[in-house]
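Visitor: One letter stands for each residue in the lines below.
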Amino acid sequence: MSAELRRATAAQLRAGFGSGAFTSLEVVDALLGAIAQEDAALGAWLHLRTGEVRGEAQRADDAYAAARASGAEAVRALAPLLGVPIALKDLVNMVGTPTTAGSKILEGYISPYDATITTKLKAAGALILGKTNMDEFAMGSSTEFSAYRRTVNPWDRERVPGGSSGGSASAVAALHAPLSIGSDTGGSIRQPASLTGITGLKPTYGRVSRYGIVAFASSLDQIGPFARSAQDAALMLHAIAGSDPRDATSSALPVDAALLTLPQGDQAASAIKGKRFALPKEYFVAGMEPGVEAAVRAAVAALQSAGAVIDEVSLPTTEHALATYYIVAPAEASANLARYDGIRYGASKHGGGDLLDGYLATRGRGFGPEVRRRIMLGTYALSAGFYDAYYLKAQKVRTLIARDFDRIWSAGYDAIVAPASPSVAWKFGAKMSDPVAMYLADACTIPTNMAGLPGLSTPCGLSEGLPVGLQLIGAPWSETGLLSIAAGYEALTADAPWRAQEPTDLAALGGAA
Amino acid sequence: MSWEAVIGIEIHVQLRTATKMFCPCAIPAEGDAPNTRTCPTCLGLPGALPVPNRTAIEKVLAVGAAIGAKSPATTRWDRKNYFYPDLPKGYQISQLDLPLAEHGSIAVTTSAGSGSVRIRRAHLEEDTARLRHEKGADGTRASLIDYNRSGVALLEIVTEPDIRDGETARRYAEELRLLLRTIGAADAEMENGQLRVEANISLRPSSDAPFGTRVEVKNMNSFRSVERAIAYEASRQAEVLDAGGTITQETRGWDEGSETTYTMRAKEDSHDYRYFPEPDLPPLDIDPAWLAAIVAGLPELPGTRRARYVSELGLTEYDASVLVAEPRAAALFEAARAAQKELDAKLLANWVSGEYLRVAKEGAADPDPDQFAALVAAVASKEINGTTAKALFAEMITTPLNIREVIVSRGLGQISDTGALEKIIADVIAANPQAIADWKAGKQQAVSFLVGQAMKASKGRGDAALLGELIRAALDR
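Protein chains in written order, with the working numbering: chain F, 1 to 513; chain V, 1001 to 1477.
The set of hints was computed from the structure by calculation and includes no laboratory data. Don't be surprised by glycine CBs; every beta carbon is placed ideally from N, CA and C. Among the hints, erroneous ones may be present.
As the list claims (entries may be wrong) - Partner residues are not named here, just some residues of chain V that face chain F (Cβ under 10 Å, in silico):
(1) 1018
(2) 1049
(3) 1081
(4) 1211
(5) 1298
(6) 1449
Stated by the list, open to error - The calculated lysine-lysine pairs, modelled on DSS-like cross-linking and capped at a C-alpha distance of 25 Å, are:
(7) V/1080 x F/396
(8) V/1341 x V/1390
(9) V/1382 x V/1346
(10) V/1135 x F/349
(11) V/1456 x V/1443
(12) V/1440 x V/1423
(13) F/393 x V/1443
(14) V/1423 x V/1456
(15) V/1382 x V/1443
Turn these sequences into a full structure, and let the hints steer you where they fit.
Guide: Here it is as structure tokens:
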């Protein structure tokens, strides 16, 4: 029973709670048990709300029991994620819980307020199990830059889960939670989703409020779900999306109710027929692993056989996206991270010498190597005399990247299909001594952030026994469409042998604990 | 050698808004406990975001319209980056190259005549926290930070280097303050730090010579100190230059006690603030209809009003400027005129700038304008005399009065009846033989004394002018 509950999707849990087949408390206990058994080896979690969440589950179960007494309609009327346990990346503020953003500089910091998405998730009935590990301030592609612990990939304990949302991705892949929250500035949801074999969605910039999310690069950051199905990702997006008076960049567009009930099964599969997909040749770059390319091309072929039209297209600015991203993102980060000065909160080394000594010691010791590198990059790019050549020019290229994508939507394509990552999960340490090699891991995902577009990664097979993700990129605000296509692809490949394959090191995690 | 001073003024003024510039915190009031008017945004907590205050933007657009400035079709916000404990985010949200208003001017009249000061730009930004450096009982020094003021909306207004002397600088600052108060953009109480003036001063040998090295002067806490600090700094620089020295680019403070400026900090290698567009805030489109509505809502501006009082109402330049200088006074004047259209404007102006302003400066509440008009009208028609009127005015600012009713019910009407007054005078003369003797000895003051006695005997209701006339006539007999 416990194993079944761990495997259940959020949609299945909601149905089971409603029917009384099992309780939220049983699920929470099953997950907490698995975490207790396996997280020493997995390393996904930074903070658990073990004490609080059981009480919250009990209250959810009481609500279900009361509703059941009033009839099926009352059960349906309950919040869409009531009693469903989830995880938050440790850059989402939740009142009374630690928020470290994976950094020593925020060690001991307890949030005095809820992020807007935290409030929304609570309102949707979700139970927050805890906070997950991440690259420090979301800067990284392997979660190795966490100041706290190593998160392993449940498919291979010797390999990274991707990043920066590696903790949230591994937690969902290892069946520690059906849903989790990640953030995606240059691929930090889609790339770890690809590397751990789950679904991850980066919504359109402005779709989800950033209020209360520790900022990395404000014009690129978006919050989104990790899940084990497109429908589950849609449920979580529905819970967190929507305009927010506290975020001036959030969109006023209404949340699409269709996210609650995406087409499923044959209906979803048949909807693929007639869809037009653009396959950009620039995404199949030199250095891409053949196994990854093969899996992605096989997925494209499956879509084609289901009646989709596939056209090879060109997005010529793709090659410039990475370089411009590494101007814009560090520039914004250099200002966003200026507040970690040891004056008001977090780790502080003030008090010894003068004010400057305090700043240097606090920030020099509080930030890890990758964060320091990016603050220096960004500070340099914004400096007098360099601004026009770097930041201003990068913003101009950014406009050109967005125009490239606009041409695709003007031509009537439903989505772009591409790999989410040029490689499968790599071994720990393989890219730690070469920052550029690490940066290249996000080559397939960064253009989407630069253009503010929605993108998702959905599992499309294995290469060398490790998961490969198919990336779908859509026009602004097309999340429902993208998730429906992903649901269609899930249905088309429901019987594929790789779908039956569970993370290969899942059993070993418990044994190692 | 004679030098020409070149002066530019930078003014920071706290806008009159209910909440801060980028968060919903209330504006701190005098006496608020430290760090009680704060939230995640103005404390710079991880994850907090700014949302612009629409009222603050409207007020700056109104200021722009009032100084004849241009506002851009689209503006944006910029981050100004530097580290200091009073700046919680490590950057200040400000406006670099698209200020809300540009290229305006303010007319200024000085003892030398009339002129105008061009305003280069006016933009919005957020205030910093307040630092307090203290020594504990054990002698340890500590710096305390109060974030109540952090994030309060500030308007920064920068002039062109058009000013040549301290008096003009002072008049410019005073005129700008009046404008801000008149349109309701700011209270601009200088003593509370709501308006801060900084001056950039340099000297050059002639008006066609290039600008000299400039010195920034701060800590001028009154308009008087603005004038004196600039005059002092200009003469200090002249002395240095005359002695063959050079001016160091630096920031100097005005010391009120010694009336001198002193070095606060030498100019560090010019600070690189690494400005870039604020990514947390989308660009702001200024809808022409929105701007037009703001312009339409502007009240009569001080310069226009002064000119009208002189040309239409026949007030002197001086009376007009006294009235207009205090928006509350001008408002009372306007409202009273509206209530009593035939009222003599000069008499009303005297009452507003005399009795009213005297009590207003002591913090009294404003009188009801209709009753105030009725009071001045009763004086104009000689129905009551000045003494009675002043007593009634003193009463009406604390207690609502119906002037018409009170005059009748209390029998306050002025006694102008010759017969009645002569009876009083006869008694007064009989009771004061010494005064009669003084008068006979040629002491004219004796008349004033007897008028005073007669006024007292009439319980203050006698017509003072008529009493004087009648007493003189009686003595002559």
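Visitor: State the violated hints by number, sorted upward, taking the hints as numbered earlier in the document.
Guide: Numbers 1, 4, 5, 6, 13, 15 - these are the hints that the structure violates, sorted from lowest upward.
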